[in-house]
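Engineer: Input sequences plus hints: build the corresponding full structure.
Quick note on my numbering: the sequence shown kicks off at 642 and runs consecutively.
It is worth saying that the hints were derived from the structure and are not from the lab.
All values derive from a computational prediction rather than experimental measurement.
Just so you know, not all the hints are guaranteed correct.
[Said to hold, decoys possible] Using 27 Å as the maximum straight-line C-alpha spacing, the simulated BS3-like pairs for lysine-lysine come out as follows: (1) Lys675 - Lys698; (2) Lys644 - Lys688; (3) Lys690 - Lys717; (4) Lys675 - Lys644; (5) Lys675 - Lys708; (6) Lys654 - Lys675; (7) Lys643 - Lys736; (8) Lys736 - Lys708; (9) Lys688 - Lys708.
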Amino acid sequence: MKKLLSMLGIGRKAGLIISGEMGCIQSLKERKSKLLIIASDASDNTKSKFQSICNQKNIRYLEIGQKVELGESIGKGLTSVISVNDEAFSKALLKIIDKITTCK
642 MKKLLSMLGI GRKAGLIISG EMGCIQSLKE RKSKLLIIAS DASDNTKSKF QSICNQKNIR
702 YLEIGQKVEL GESIGKGLTS VISVNDEAFS KALLKIIDKI TTCK
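Structural biologist: Shown next, in the form of structure tokens:
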């Protein structure tokens, strides 16, 4: 999980991710988003809203991490959603996530 959070910080500095509900909604609607990360402890309303948009736009999403972890990793406060807007970066994150989920 540490590696994923570290990579998110790098992605923010490189301008490859967007955080926050409004920015992520815009990114999804404009089809810029390649992957959406939703905090596990986000509200049911937030999860439902973003899952619905992702399903409509055929964009992959994952529930992983907590709001405080995601926020700290990108130098912000509590963060419920992060949009990854770069294809290569999203693939790199998915490789890390696959390792995390298979190691449980």
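Engineer: Each hint: holds or not?
Structural biologist: Quick rundown of the hints versus the structure:
Taking the CA atoms of Lys675 and Lys698, the gap is near 10 Å; set against the 27 Å cutoff, the hint holds. The suggested pairing of Lys644 with Lys688 holds, with an alpha-carbon distance near 24 Å, which does not exceed 27 Å. Restraint check for Lys690 and Lys717: satisfied, since their Cα atoms lie roughly 22 Å apart, inside the 27 Å limit. Between Lys675 and Lys644, the direct Cα distance comes to roughly 20 Å. Compliance with the 27 Å bound is thereby established for this hinted pair.
Between the alpha carbons of Lys675 and Lys708 the distance comes to roughly 20 Å, so the proposed pair stays at or under 27 Å and holds. With a CA separation close to 18 Å, the supplied pair Lys654 and Lys675 stays within the 27 Å bound. Note on Lys643 and Lys736: the hinted pairing holds, with a Cα-Cα distance of about 14 Å set against a maximum of 27 Å. This hinted pair checks out: Lys736 and Lys708 have alpha carbons roughly 21 Å apart, not beyond 27 Å.
A C-alpha spacing of about 12 Å is found between Lys688 and Lys708, which places the hinted pair at or below 27 Å, so the restraint holds.
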